[in-house]
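Given the coordinates of chain A, assemble chain B onto it according to the supplied hints.
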Amino acid sequence: MANPDFQGREYPATVPYAVGREKIREFAEAVGATDPAHHDLVAARGLGYPDLVAPPTFAVVIAQRSEGQYVTDPAAGIDFSRVVHADERFTHHRPIVAGDELVTVLHVDSVTSRGPLSMVTTRCEIFAAPGTGAENGSPAPGGVDAGSDRPGTPVATVTSTLAIRGEDA
Amino acid sequence: MTAQADRTGTVDTGTRPRLADLAVGDSIGTRTIEFDRPRLVRYAGASGDFNRIHWDQDFAERVGLPGVIAHGMLTMGSVAGLVTEWAGDPGAVVDYTTRFSRPVPVPAQGTAVVEVAGKIATLDAEAGTARVDLTVTFEGARVLMKTQAVVRLAP
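Which chain is which? The protein sequence lines are A and B, in order. The numbering used here numbers the first residue of the first sequence as 1 and each following residue consecutively. The numbering used here numbers the first residue of the second sequence as 170 and each following residue consecutively.
The shape of chain A in the complex, shown without the other chains:
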């Protein structure tokens, strides 16, 4: 059963993930995304982007790395062989583009159990790392709080819920 003590936990910001052109092309190919803005620099710039644009679910690559800090922690009580993905949400404060250097702060928003079934909801707040030149995208709604302790400009929020079946489920 998932350990309820993890609810509300916040992890330190990850080291930056560098978004590469070839990674965007590889991911786009894997999900069958043929839009030229994923593959062709001229097409992406024609749409007003500084570089190749990531597909709408690309942020899962970054989020799942960060979620690993929690779900692979033996103390969290999550048997990954019994995990089923329940839901997923991507909120893009601005599109992810090649050249971005992104850091993630992982939050465990909810841990609940009913009978042998546990549900855990995580939230990854993804930011453009300060001073990397990746902060030049459109400002996020509400802008940046000067003086806040957030590690950069908000880029995306990824919320994921996993269901973990107990041995009897």
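Honestly, the hints are just simulated from the structure, not real lab data. Misleading hints may appear alongside valid ones.
Claimed, not checked - Computed beta-carbon distance windows for the label pairs: (1) B:Gly-309 with A:Asp-73: 38 to 48 Å; (2) A:Leu-41 with B:Glu-203: 26 to 36 Å; (3) A:Asp-73 with B:Leu-191: 44 to 54 Å; (4) B:Asp-205 with A:Pro-4: 33 to 43 Å; (5) A:Thr-34 with B:Arg-187: 20 to 30 Å; (6) A:Thr-34 with B:Gly-279: 21 to 31 Å; (7) A:Glu-10 with B:Asp-227: 30 to 40 Å; (8) A:Arg-9 with B:Arg-187: 41 to 51 Å; (9) B:Asp-195 with A:Ala-18: 32 to 42 Å.
These numbers were taken from a predicted model, which means no experiment stands behind them. Just so it is clear, CB atoms sit at the ideal spot from N, CA and C, and this is done for glycine as well.
Frame of chain A; chain B shown alone:
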């Protein structure tokens, strides 16, 4: 389908949908997507999700699944193409959410065929967005539920 940059560097949005031309209930089209085992391996590599249930038949059966199943995120990611190609700009999707209601088993030989259809669910002129709801089915049953993409469009 794809907007072209003109000589002044601005974008010709003439071929892209505009909010004023849309009505709730309009179809944005349909698409058929086929998943085979190599496709799952390719997605595993591209995404970094190497959970064995997506490529190891024995393992999948041992943990109580009918066999190897597609990554839910592969299905979610693949059906998004219907929306981004309709919008003409993959960066226009500001919010995208789904629930995973049923697994998609992918046979060792042949393919699993997933059907997707999209409709305009809501229009928000003030925010400059349309919400597209996707219906995603495999063998007649819905495999994703509440699949909603909010897309920023020109007025």
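Going down the list of hints, with the structure as the test:
no.	hint	verdict
1	B:Gly-309 with A:Asp-73: 38 to 48 Å	40 Å, holds
2	A:Leu-41 with B:Glu-203: 26 to 36 Å	30 Å, holds
3	A:Asp-73 with B:Leu-191: 44 to 54 Å	46 Å, holds
4	B:Asp-205 with A:Pro-4: 33 to 43 Å	41 Å, holds
5	A:Thr-34 with B:Arg-187: 20 to 30 Å	23 Å, holds
6	A:Thr-34 with B:Gly-279: 21 to 31 Å	23 Å, holds
7	A:Glu-10 with B:Asp-227: 30 to 40 Å	38 Å, holds
8	A:Arg-9 with B:Arg-187: 41 to 51 Å	45 Å, holds
9	B:Asp-195 with A:Ala-18: 32 to 42 Å	40 Å, holds
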